[in-house]
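So you can see what is in the structure, the chains are spelled out below.
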Amino acid sequence: MEKILSVKNLTKKFKRIVVNNISFDVEKGNVYGLLGPNGSGKSTTFGMLLSTINPTSGDWYWFGKKGTDSETLKKIGAIIEQPNFYPYLSAEVNLKIVAEIKGTPFQRIDEVLSIVGLLERKKDTFKTFSLGMKQRLAIASAMLNNPEVLILDEPTNGLDPEGIIQIREIINNIAKQGITIIIASHLLDEIEKICSHVIVLKEGNSIYCGRVDEMTNSHGYFELKADNKTALIQTLEEIHWFSSIDSEGDTIKAHIREDASVSASTLNQKLAEKGIFLSHLVKKKLSLESQFLELVKNTN
Amino acid sequence: MTKLLKLEYYKNLNYRPFKVFTILYFAILIVFLFIGLIDFDLFGEPVNLKEQGIYNFPEIWNFTTWIVALLKIFLGLIIVFSICQEFSDRMFKQNTIDGLSRKEFIGSKLLTISIFTIVSTVVVFAITMFLGYRYSNTTESAKVFEEIFFVGNYFLKLFTFFCFLMFLSILLRKSIFVFLAFFVFWIGESILSGIEVFTKIRGLQGAQRNEVLQNDFFISHLLPLESMSNLIPNPMARLNMAKMMGIKYEFHYPTESLIACLVWCSIFIFGSYWILKKRDW
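As you go down the protein sequences, you meet chains A and B in turn. If you're matching positions, the first sequence starts at 1 in the working numbering and goes up one per residue. If you're matching positions, the second sequence starts at 301 in the working numbering and goes up one per residue.
Calculated from the structure, these hints are not laboratory results. Hints are supplied without guarantee of correctness; some may be wrong.
[What the hints assert, rightly or not] With a Cα cut of at most 27 Å, we get these calculated DSSO-like pairs of lysine-lysine:
#, chain 1, residue 1, chain 2, residue 2
1, A, LYS66, B, LYS306
2, A, LYS270, A, LYS284
3, A, LYS229, A, LYS193
4, A, LYS75, A, LYS28
5, A, LYS127, B, LYS350
6, B, LYS393, A, LYS123
7, A, LYS65, B, LYS474
8, B, LYS543, B, LYS403
9, B, LYS403, A, LYS13
10, B, LYS578, A, LYS127
11, A, LYS96, B, LYS577
12, A, LYS75, B, LYS577
13, A, LYS15, B, LYS577
14, A, LYS202, A, LYS66
15, A, LYS8, B, LYS319
16, B, LYS578, B, LYS474
17, B, LYS543, B, LYS350
18, A, LYS8, B, LYS578
19, A, LYS28, A, LYS8
20, A, LYS75, B, LYS393
21, B, LYS393, A, LYS65
22, A, LYS285, A, LYS193
23, B, LYS319, B, LYS306
24, A, LYS225, A, LYS270
25, B, LYS474, B, LYS319
26, A, LYS122, B, LYS306
27, A, LYS15, B, LYS578
28, A, LYS176, A, LYS28
29, A, LYS75, B, LYS350
30, B, LYS319, A, LYS96
31, B, LYS577, A, LYS8
Build out the structure end to end from the sequences listed, making use of the hints.
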């Protein structure tokens with residue numbers, strides 16, 4: 001796979017270390033989630049990769065070229081933290097400024113405005129826009145130069161559910177065009193819906209970089225119910241397929257062992273043979289949230 | 301170049317303070333140039349500056365450039381507002397991310413400064429020529445062009461002043477801090493030069509004192525605001541009134557101030573660039 005971005009031992013120290021020696025690679029055509037709680041160094045990392053923050057040490061390569069210069073930035077579309085535009089200028093003039101900087105022809109402006117559904121508002125000044133519209137204008141601006149990579153820092157921050165859905169749809173459509181996307185968020189269910197790969201940051205360290213489903217070794221778990229709960233627990237323990245068996249009220253949660261592979265039907269068959277008949281059986285995968293928590297817990 | 305020009309055009313065209321102060325500036329500038337045509341009262345006596353000879357060649361260059369330079373603060377306000385606005389709306393950061401380099405950013409602001417300075421200089425030059433040919437006692441070309449260097453000094457004075465304000469704006473990023481810093485700087489410079497003058501002439505009398513004031517080299521004359529103001533000396537001693545009172549007008553071309561201004565300009569420009577480069581945005 002072609003590498004779009006390769007980060008090596010990047011460190012930033014303000015008064016304390018904010019980004020600590022992180023390394024990761026971004027491959028072409030994937031959607032990456034940069035995960036981490038608030039203050040884990042996501043925005044600082046983006047700042048360095050976009051040349052607004054000077055790194056303390058470390059290197060990175062965009063498209064195989066060291067560092068970030070103006071030419072590189074013209075191949076990148078980025079939205080950071082909040083939509084930044086001249087409040088007293090119309091959407092159109094704001095995008096003209098961006099187009100002028102990036103050297104994009106002005107006819108692209110109407111195209112990107114219609115992608116994000118703001119074409120009718122192009123003559124209105126930026127300050128009259130709602131937050132959702134501002135955020136969509138920011139995406140339009142980032143898309144202006146047909147970027148090879150799109151960087152989005154908390155694109156759904158502060159939006160209402162409808163706004164979040166709109167942004168998610170726009171991002172999904174962009175992803176379908178084969179544009180590499182790196183998206184930072186602390187909203188894990190958001191990332192889970194969009195991303196194929198994740199980079200996990202914790203207190204400035206990168207603790208994982210890879211496919212979402214390979215983040216932990218977990219094969220998922222079963223939710224089970226039976227009339228005779230004690231017998232069920234006892235039998236589950238006997239068959240040794242599970243690493244842990246928790247009971248939450250009536251429901252039993254059985255986590256599949258890392259070295260085992262069990263389908264719902266095999267388990268059902270096995271339990272029936274042992275004379276236990278289930279009233280409820282669901283196989284579930286760990287949510288990104290629990291995987292993330294597990295990963296963060298494991299690296300403590 | 302055209303790219304930077306277009307950027308500044310889009311950014312400033314619809315920016316209200318920009319429009320208001322630009323119109324205000326040029327309106328007041330033109331009014332000020334024609335100030336000699338009106339009579340006004342000074343200590344109960346009617347004074348007419350035209351009668352006092354302010355429109356005579358070659359003094360007219362000194363008078364008009366000096367009077368009009370008082371107005372530079374209006375253009376200064378525009379420059380401070382439009383640069384500080386880039387930081388308060390986080391647009392510098394956004395421009396950088398969109399691919400505008402630090403050099404281009406400084407370049408675009410210098411371009412605005414240059415355009416203002418050039419337009420202002422050309423207006424002053426044209427109106428002075430007009431007034432001179434119309435009201436001067438003499439229009440022989442030797443007299444007309446004798447002190448025309450004041451126009452060049454005027455250009456440099458404005459340019460240095462605006463570079464100074466650009467530097468303060470990039471350093472402090474909030475217009476209110478820029479104005480505060482500017483006044484503190486102004487007062488600080490006055491105090492410094494006051495101290496220097498005082499120590500040099502302490503114990504000296506009359507002619508000796510004037511000798512020192514006229515011919516000694518003052519380090520404080522090299523400070524930015526002081527060197528700017530020395531480029532165009534106060535012309536009041538050249539009024540007919542003053543001549544009648546026997547005040548002697550002596551003028552040495554302020555070469556050291558000229559050099560100081562050029563040096564300050566480059567310090568302010570490179571200083572601005574350095575700040576943009578070194579700071580985390």
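Which numbered hints turn out to be false for this structure? 1, 3, 5, 7, 8, 10, 15 and 29
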